[in-house]
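Undergrad: Let chain R serve as the given structure and place chain X on it in line with the hints.
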Amino acid sequence: MKSYRNEIWVEVPGRRGLINITSEVNDCVRESGIKEGLCLVNAMNITSSVFINDDERGLHEDMDDWLEGLAPHEPVSHYRHNKGTGEDNADAHLKRSLMGRETTIAITDGRLDFGTWEQIFYFDFDGNRRKHVLVKIIGE
Amino acid sequence: MKSYRKDLWYVYPERQGVLNITKDIQECLKSSGIQEGICLINTMNVTAGVYTNSDEDPMHKSFLEWLEKLAPHNPDATTGSGETEVSFLDTHLKRTVIGREVMVAVTKGELELGTWEQILYFEFDGKRRKRVLVKIIGE
Numbered sequence: 001m002k003s004y005r006n007e008i009w010v011e012v013p014g015r016r017g018l019i020n021i022t023s024e025v026n027d028c029v030r031e032s033g034i035k036e037g038l039c040l041v042n043a044m045n046i047t048s049s050v051f052i053n054d055d056e057r058g059l060h061e062d063m064d065d066w067l068e069g070l071a072p073h074e075p076v077s078h079y080r081h082n083k084g085t086g087e088d089n090a091d092a093h094l095k096r097s098l099m100g101r102e103t104t105i106a107i108t109d110g111r112l113d114f115g116t117w118e119q120i121f122y123f124d125f126d127g128n129r130r131k132h133v134l135v136k137i138i139g140e
Numbered sequence: 001m002k003s004y005r006k007d008l009w010y011v012y013p014e015r016q017g018v019l020n021i022t023k024d025i026q027e028c029l030k031s032s033g034i035q036e037g038i039c040l041i042n043t044m045n046v047t048a049g050v051y052t053n054s055d056e057d058p059m060h061k062s063f064l065e066w067l068e069k070l071a072p073h074n075p076d077a078t079t080g081s082g083e084t085e086v087s088f089l090d091t092h093l094k095r096t097v098i099g100r101e102v103m104v105a106v107t108k109g110e111l112e113l114g115t116w117e118q119i120l121y122f123e124f125d126g127k128r129r130k131r132v133l134v135k136i137i138g139e
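Top to bottom, those sequences are chains R and X. No gaps in the numbering here: position 76 of the first sequence is 76 in my numbering, and each next residue is one more. No gaps in the numbering here: position 9 of the second sequence is 9 in my numbering, and each next residue is one more.
Bound conformation, chain R alone (with noise of 0.2 Å):
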């Protein structure tokens, strides 16, 4: 069995933002040279997701809306975990775990196995900051 490692690095503007990160880890799964296995993609850090779906601009502004109405961002002292830190990120932990923190995708004759409208994507929830994303590959 063969195993790979690579750090994707991403810095998104402003507080909130979504990258597709798609053609970073099929360049990890052609580096890797795995033809029948897993790969894992997560984000490093408790304030952002990995998740899978379409990519289309419309939906993306439609889920940051979405979660600033499930998690808003202000009022910023309303938040146990600002008073307590400092902070400011609160909604940024509750938007992440809406999200998630990774997805699994299976790789088959050496490319990730997708459906026809999958897109990886990194969505920051505090960002201005370089953060980043592990991808683990493991198979033959």
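Calculated from the structure, these hints are not laboratory results. Keep in mind that a hint or two might mislead.
Below, computed lysine to aspartate or glutamate pairings styled on DMTMM-like, alpha-carbon distance capped at 25 Å [said to hold, decoys possible]: (1) X:Lys-130 / R:Glu-56; (2) X:Lys-108 / X:Glu-27; (3) X:Lys-6 / R:Glu-140; (4) X:Lys-2 / R:Asp-27.
Model, not experiment: these values are computed from the prediction.
TA: Structure of chain X alone, referenced to chain R:
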């Protein structure tokens, strides 16, 4: 290392609802001959989810009611960019809450599930053929 792959196709007869696909996954595992490993089960469609929970009809209905509160189906709403097909928006959001995939341990040739754990497919935009991928790796 062995690997196994299979597409499972489902048509849910209504717009939204739950199918128990545990038996189909168990059959895949038997065909694979894998005794120790990991089994990934994911939807290949962005408007459905795969998750594990108890297979209990009243609870599926409660899930649906809860999801409907979190992400209501509103065919008359307008979106920020106007690009999204609005009638599908709730399905993408509901699927996000339920999740795209599960990974189940394979031990001694069996899916290692908790007492009440069943593998469920949650359809949010049904009445058409959709696909679930099963990928098993191990020995």
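Undergrad: So if I understand the rule, the pair passes when the alpha-carbon distance is 25 Å or less; does Lys-6 (chain X) with Glu-140 (chain R) pass?
TA: holds, 18 Å
Undergrad: Within 25 Å, alpha carbon to alpha carbon, are Lys-130 (chain X) and Glu-56 (chain R)?
TA: holds, 20 Å
Undergrad: Quick one, are Lys-108 (chain X) and Glu-27 (chain X) close enough, alpha carbons at most 25 Å?
TA: holds, 15 Å
Undergrad: Check whether the Cα positions of Lys-2 (chain X) and Asp-27 (chain R) lie no farther apart than 25 Å.
TA: With Cα atoms ~24 Å apart, Lys-2 (chain X) and Asp-27 (chain R) stay inside 25 Å; holds.
The structure shown violates none of the earlier numbered hints.
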